[in-house]
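Q: Here's the letter readout for the chains.
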Amino acid sequence: MTLQDINPGQYCIVKNIRGNNLRKRIIDMGLIIGTKIYVKKTAPLGDPVEIIVRGYSLTLRKAEARTIQVERVEG
Amino acid sequence: MNIALIGNPNSGKTTLYNQLTGANQSVGNWPGVTVEKKVGKLKSKNVEANIVDLPGIYSLSTISLEEQISSDYVMDREMDLIINIVDASSLERNLFLTYQLLDSDIPMIIALNGMDIIDKNKEAIDYVSLSKALDLPVIPISASKKIGIDNLISAIESFDLKKTRKRITYDKKIEEVISVINEHIKDRFLSIRFFEDGLVALDHANVPESEQPELIELYHDIKGEFTLDIDMVLPDARYRKIINLIDEVYNKNDLIKVTTTDKIDKVLTHKYLGIPIFAAIMFGVFYLAFGPVGTFITEQFVWLIDQLFILIINGVDKLGMSPYISSLITKGVFGGLAAVVGFLPQLMILFLALAILEDSGYMSRAAFIMDRALRKFGLSGKSFIPMLIGFGCSVPAITATRTLDKDEDRKITAMIIPFVSCGAKAPIYGVFAGALFSNGSYIVVFSMYIIGLLVAILSAILFKKTIFKSASANYIMELPQYRKPTIKNTWLHTWERSKDFLIKAGTILLASFIIIWFLSYFGIVGGRLTLLSDEDISKSFLGHIGKFILPIFRPIGFNDWRSTVAILSGFVAKESVVGTLGILYGVSGDVVENGSALYPSIRAAFTPLQAYSFMLFALLAIPCIAAVSALKRELNSNKWFFFTLAYEMVVAYLIAMAVFQIGSLDLGTILTIIFTTIIIIFVYFMIRKFIRQKGSACATCDKSGNCSLPQNIEYLEKKGENKDEN
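Protein chains in written order, with my numbering: chain G, 1 to 75; chain W, 76 to 801.
There may be inaccurate statements among the hints.
To be verified - Straight-line alpha carbon distances no greater than 25 Å define the calculated DSS-like cross-link-like pairs of lysine-lysine that follow:
#  : chain 1 : residue 1 : chain 2 : residue 2
1  : W       : Lys341    : G       : Lys36
2  : W       : Lys332    : G       : Lys36
3  : W       : Lys451    : G       : Lys62
4  : W       : Lys248    : G       : Lys40
5  : W       : Lys120    : G       : Lys40
6  : W       : Lys622    : G       : Lys41
7  : W       : Lys247    : G       : Lys40
8  : W       : Lys247    : G       : Lys24
9  : G       : Lys41     : W       : Lys248
10 : W       : Lys298    : W       : Lys120
11 : W       : Lys238    : G       : Lys40
12 : W       : Lys332    : G       : Lys40
13 : G       : Lys24     : W       : Lys338
14 : G       : Lys41     : W       : Lys238
15 : W       : Lys120    : G       : Lys41
16 : W       : Lys540    : G       : Lys62
17 : W       : Lys559    : G       : Lys36
18 : W       : Lys346    : G       : Lys40
19 : G       : Lys36     : W       : Lys540
20 : W       : Lys237    : G       : Lys24
What the hints contain is simulated information worked out from the structure, not anything from laboratory work. Just so it is clear, the structure is predicted and the values come from calculations on it, not from any experiment.
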């Protein structure tokens, strides 16, 4: 399951990040194995997606969200 | 003393910079550096110190050129002291950069910003413990409310640069790896950077090239030693430390579930309302700048400038200088200045509106909303902002492409901005549409903006499909908390951009105006170089050039050398196209201000079709010199610079020619062409559909797995792609 599969309003935990252009940046922004993410909403046109991580709001494209493997958890 | 101000984007860095240096400190660009780094003097009686404001960064591992400036500055350790501004409202992420900076052993003070908001939310940060844990001064401040600035300044004044401080140490295993790397690099900080970033870090180290293969091998060895991916090892270690630290010092108010930002965003990035609101805001900005309000202010301002210049020009005339000098001053210098300065009010309104949108945090939402739409053209949501500024003026727009993350993305955006119809082109449309398209003049003007935008978008697609095939603009962006823009900051923002425009455009324009002045007021008469009057411009060098190149322009409908001269003068400043026409047609008075004076001459010289073709060419051809110089600076490569100029020239020529040639045909021929085109397109799509279906037949074929027919390979690729997308 990847971050893309998590619906707005749900929580998940990062399991792994596959290679992509922004991998290092995603890690530095605080997405590391075990980090909890809240998926807040998608943009009006369906992409990008807004997540809450480490207490701030981060937006990224579904193309990158797809490379982030997660596990759904309860809030 | 050299003090660098470093922090995350949106952490209030620029506000703090202004507080530390004082409002009236001059803010200058760094000489010899292509990208902006601001320097000011610290407001202190006791120490002499320069404050360097660097672009905001999240991490020393960078993804954009702008970020790299900050990162390089730290890696080269060019400063004596770092003021690390930390946004208290997202402490966890902000401290990540702090920990990276601590690895450098550069003396550091933390300015903990946004403490007023922490208080307001009934939260608390124990900055004394934070200071003890990190072994450096932590000063709570609120940059926007000017709280704690004096404390920060006295902390700088009393800072002991010589004292050695506690260094951040990692787990045993990580420390072992760092020391192994350090045997080669002999610099702990750069060894850590190498551990994190790989070879990029070596740009700043003194490692002979012969040792590099050894280091690469070492890097691969290290990879195997950790269960985590190697690029995650240090961030993981840092975030663990940060979480432990925050547990100790941060008293969080868990009762706040919905923040003001959440409430605003519920509306502004709403699924259905988001886009209409965005469109309304953009329309509002342009209405303000280019609608009745902006026009009125401009008119008043131009009148004032004219009065002032008339005074000066009369004064110069009375001095009884040689006619050469007085012509140079009145027509060359002040003519040029008036053209630039008269454009300022509208630009300032635009900059002001954009500053408010930026400072409040809406711009990031605009990028968030627009990203999906712009991605189709190989751009990211962030490209939207430079393109928007492009409607005002290409010069600041091209400069604004620096904020884009990827090089290709930046290049494409900079290359297409000149097609976006800038404010200076508006008088051209106004005069021609007013003279020749009385009823439909609004549609004609509007069509110019649409065509400009279309050509820009199609060019972006073309560039992406051909020369920048690998380009796929990145997008990762923080949505900062909404903030009330402060008057001072908004004004500084506006003024800085306006000044930048004035200085850059002013100096380059002035030089080129003098050249143009020479070409248009001098000519060889009777075998001698002679100063000419306004009426004799046909005898000038410019007139001769215009006549000489006229044949090239005949296919696009120009049959008068005056049109070519006007277009040529547009390369200096698009504002001067109309003014030049005024001079060439011998219309007295200010034609820029009062375009209708030109109507009769234009009606006599142009057919509507020729006028439309002229407007198209003026819209799409090479921008003014100021924009060209901005392009040269931002593209930073002669190859791309000249390519862009040639491309714009060719596109402008082909489109104007197509419109003029097709428009010249009789109705029957036009209908035939349209009909044929439709049929060709129809047939093309039919064939494509047929080919696709052929491919999809592979889905039902049981040999599809190991068949190497081209259509099957294509089909398998498509199938793989679709899987990815779902």
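Q: All hints are to be evaluated individually against the structure, with a verdict given for each.
A: Hints, verified against the model:
About 23 Å separates the Cα atoms of Lys341/W and Lys36/G, which keeps this hinted pair within 25 Å; it holds. Between Lys332/W and Lys36/G the CA atoms are separated by roughly 17 Å; this keeps the pair inside 25 Å, and the hint holds. Of the supplied pair hints, the one linking Lys451/W and Lys62/G holds, its CA atoms being roughly 14 Å apart against a limit of 25 Å. Of the supplied pair hints, the one linking Lys248/W and Lys40/G is violated, its CA atoms being roughly 38 Å apart against a limit of 25 Å.
Only pairs whose Cα atoms come within 25 Å are accepted, and Lys120/W paired with Lys40/G is rejected, the gap being roughly 49 Å. Only pairs whose Cα atoms come within 25 Å are accepted, and Lys622/W paired with Lys41/G is rejected, the gap being roughly 61 Å. Under the criterion of a C-alpha separation no larger than 25 Å, the hint pairing Lys247/W with Lys40/G is inconsistent with the structure, at around 38 Å. Simply put, Lys247/W and Lys24/G have alpha-carbon atoms about 24 Å apart, close enough for the 25 Å limit, and the pair holds.
Between Lys41/G and Lys248/W the alpha-carbon distance is near 40 Å, which puts this suggested pair outside the 25 Å criterion. For the hint linking Lys298/W to Lys120/W, the alpha-carbon distance of about 52 Å lies beyond 25 Å, and the restraint is violated. Distance restraint check for Lys238/W and Lys40/G: the Cα-Cα separation of roughly 46 Å exceeds the 25 Å cut-off, and the hinted pair is therefore not satisfied. Pair hint Lys332/W plus Lys40/G holds up; C-alpha atoms about 13 Å apart against a cutoff of 25 Å.
The hinted pair formed by Lys24/G and Lys338/W fails the criterion: a straight-line CA distance of about 32 Å is larger than 25 Å. With a C-alpha separation of about 49 Å, the suggested pairing of Lys41/G with Lys238/W is violated against the 25 Å cut-off. Among the hinted pairs, Lys120/W with Lys41/G is inconsistent with the structure: their alpha-carbon atoms are about 51 Å apart, more than 25 Å. Between Lys540/W and Lys62/G the CA atoms are separated by roughly 22 Å; this keeps the pair inside 25 Å, and the hint holds.
Using a Cα cut-off of 25 Å, the hinted pair Lys559/W and Lys36/G is violated, with the two alpha carbons roughly 30 Å apart. Distance restraint check for Lys346/W and Lys40/G: the Cα-Cα separation of roughly 12 Å lies within the 25 Å cut-off, and the hinted pair is therefore satisfied. The suggested pairing of Lys36/G with Lys540/W is violated, with an alpha-carbon distance near 38 Å, which exceeds 25 Å. Pair hint Lys237/W plus Lys24/G does not hold up; C-alpha atoms about 35 Å apart against a cutoff of 25 Å.
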